[in-house]
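Asks: One letter stands for each residue in the lines below.
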Amino acid sequence: MKHARTPLFSLVRLIAIALSLHLSLAIADDYSDIADLMRAGRLPEALARTDQALSARPKDAQLRFFKGIIQRDSGKANDAITTFTRMGEDFPDMPEPFNNLAVVYASLGQYDKARTALESALHTNPSYATAHENLADIYAKLASQAYSRALQLDTNSATPPKLALIRELSAPSSTKLQHATAALPAAPAQPAPALPTPAPAPVAIAKPAPITAAPVPAKPVAVAAAPVKAAPAPVVTATTAKPAPAAATAAAAVPSKAATTANRDIEAAVRAWVSAWTARDVRSYLASYARDFATPGGISRSSWEEERRKRIAGKSNISVKLNNLTISSTGNKATVRFRQDYRANGLSISSRKVLELSKSGERWLIVKESISN
Amino acid sequence: MLGTVLGLAAMASSVQALNLRNADQNAAPNVESLSRSIDGVPEAQLIGIYKLIGQGRQREALEKAGKLVAAVPNFQLAQLVYGDLLAARARPVNSVGDIPDDVARSAGNTLNDLREEAQRRLKALRERPPAGTIPSQFLELSQKSRHAIAVDASRSRLYLFENTPTGLVLVADYYISVGKAGTSKSTEGDQRTPLGVYYITSNLNRKVLKDFYGSGALPLSYPNILDARRGKTGGGIWLHGTPSTQFSRPPLATDGCVVMANPDLETIIRTVEVRSTPVVIAPQLEWIEPLKAHAAVQPFETTLHAWRNAKTAGDVGQILSFYTPDFTSNGKTLTQWTPTLKAELSKVQGRTIQLKDVSYLRWTDTADTMVVTFGEVADGTRTGLTKRQYWMRQGDQWKIFFEGTP
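Those sequence lines, one after another, are chains H and D. According to the numbering used here, the first sequence is numbered sequentially starting from 1. According to the numbering used here, the second sequence is numbered sequentially starting from 1.
What the hints contain is simulated information worked out from the structure, not anything from laboratory work. Treat the hints loosely; a few may be bogus.
Claimed, not checked - DEER-style ranges, computed between Cβ atoms: (1) D:57 with H:339: 53 to 59 angstroms; (2) H:15 with D:60: 40 to 46 angstroms; (3) D:59 with H:45: 43 to 49 angstroms; (4) D:92 with H:107: 17 to 23 angstroms; (5) H:283 with D:92: 32 to 38 angstroms; (6) H:283 with D:55: 52 to 58 angstroms.
Since the model is a prediction, treat every value here as computed from it, not as a measurement. Where a beta carbon is used, it is the ideal one built from N, C-alpha and C, also for glycine.
One chain only, chain H, in its complex shape:
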């Protein structure tokens, strides 16, 4: 049904536009006022102004970010930690809160927590995680060269490090903090290498060493570098048990120690499951499932396994990509949600998946697998 373009409608539209414009201007005023107060060192006033603005817009990322910085600059380290931690939970794609969380932890001498927070910051944009990993590899290579010179050993035979290539540009994120860095006087809010945008883009990046990607002659999409001989194969988000550098986005790395370790393990288990699936390693794929896994339709375990075996081994190539991964866990139970893009032999299916995992001994195993709406 079409709306008639009545004069009334046009007026309403104009008013709506004016209001939103006014609102944007008002918001911009708040930001610059608060930034001015912070620059002038008038922190209690800045905090009051921020709280006032937050009462109207409690979810506003920029305001919350300001608040965290004001708290940190005022010496309220624990308050700043709370603020930035909550931001990290609500905006898992933003590197800035994680970076600042690390800054506060480091100032308290809590270096392990700082490290975890910085790793989370890097994982908000997989491209930076890749660059950082590559940089570490380069440092390691330079170190070994220096050591060889120190010991007067010949290094000519050593193989050069294989760095991970990025094949896709990441898209800008709508959750970017527009005013964060520019407005502020001091540097603390600046993430160390000024990250431009955290990206939710489906860039799949794999670490050089432990890739199990199968070469796929399908469309060239993101990818795995290093030891994979195949060409610009798409594929995978293969990773290892290491705190996943790769793939999609929001690793819901909640920066509290125990939870983070568990979530890392859970994510690693999920990625190992994907790896096996992609590599068509049926044995490892099936081993990702718990013994009491709820088979679809309640069929017998052996029937289900046989079905999976046929579906997987029967394909000449499989590509599975995960996006928007979120993990929530308590104790030995976890729920993992993600968008799964499955491609195989010309078939292409995208779905929102939910995996429920249970910890058995040291391993996280899948007990339930379903599609959500």
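Given the structure of chain H, go ahead and fit chain D onto it with the hints provided.
Replies: Chain D only, in chain H's frame:
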């Protein structure tokens, strides 16, 4: 990744204990008075890097290390700390030279040698001789010796002194290497550095030397008279430099020579005089106040003057009582040398003998000896013989067991 640098921090904590201001004061004369050379500077920069690590300023330390290895790429110790600083950017570093075991093993003992070199350098800079003190061997040095050198083998350190009119002044000290088997040389091929009082006998032109010897060589007078008396063999003990592939060598590395980094050796060569520069090599130097040194001269000086007076008096028997029965002089026994003595006496013709420009160097190990050098000048003459005597204390009496020209 945040890298923790535990091992480096551990070493650096010993750097914290360094009273680096003192070290800087001692290092300053290096740079100021010998500004054209770079002696001592690579070590100073290395210590600076350790200091930055200790202060947690690792980015600056890395930058400084990068510059040092670019300037002196064969300074293996600098490469080691550079490697550690680079590695620390990628992973935690747990020890000095955090090299994988298999790589370290393939280099034999090199890693341990480097760590030992680092420890010795740091220690020598941390534990400085008290200001104004001198090694106990230098009781008195005449102005005929414009410089003096003392080597402390346990510290892997060589100390260079200028002999000013007001006494010995420490002007520089450098890291050195001694024999693979340590010190106390006694036989040819034993790979030990000799201990004792020596003199620089010549200055070998680097053009005739192999690359192995680096910037040059200053041969030392091993075996000296005391060594010969004790039947020690061997020779070719030099002060020399390092090959072009290696800036400095491990603390125990040589076949007996004393080895220095080339810039440091170049300074020595440029500075000291051949034949008149004493080189004391001791397992460990004892540093004393100059006044105490002068005081120690007095009892001996009395004996020396008594000998001189006996010579003035021309009483051969009395003179000979100052000599040991097993005295030698260039192969002659005391009896064979007595005619030489008489010839000297007849030249003097009863004039009073003055001893000019007397130097006293004391060497004490299993025996207490004094190496005395002087000009023996008769009154009314302008010149005389320059003599070197080796005295040995027997009980509370000093006796001469060698006399000759230096």
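Asks: Any of the earlier hints contradicted here, and which numbers?
Replies: Failing hints, ascending: 1, 2, 3.
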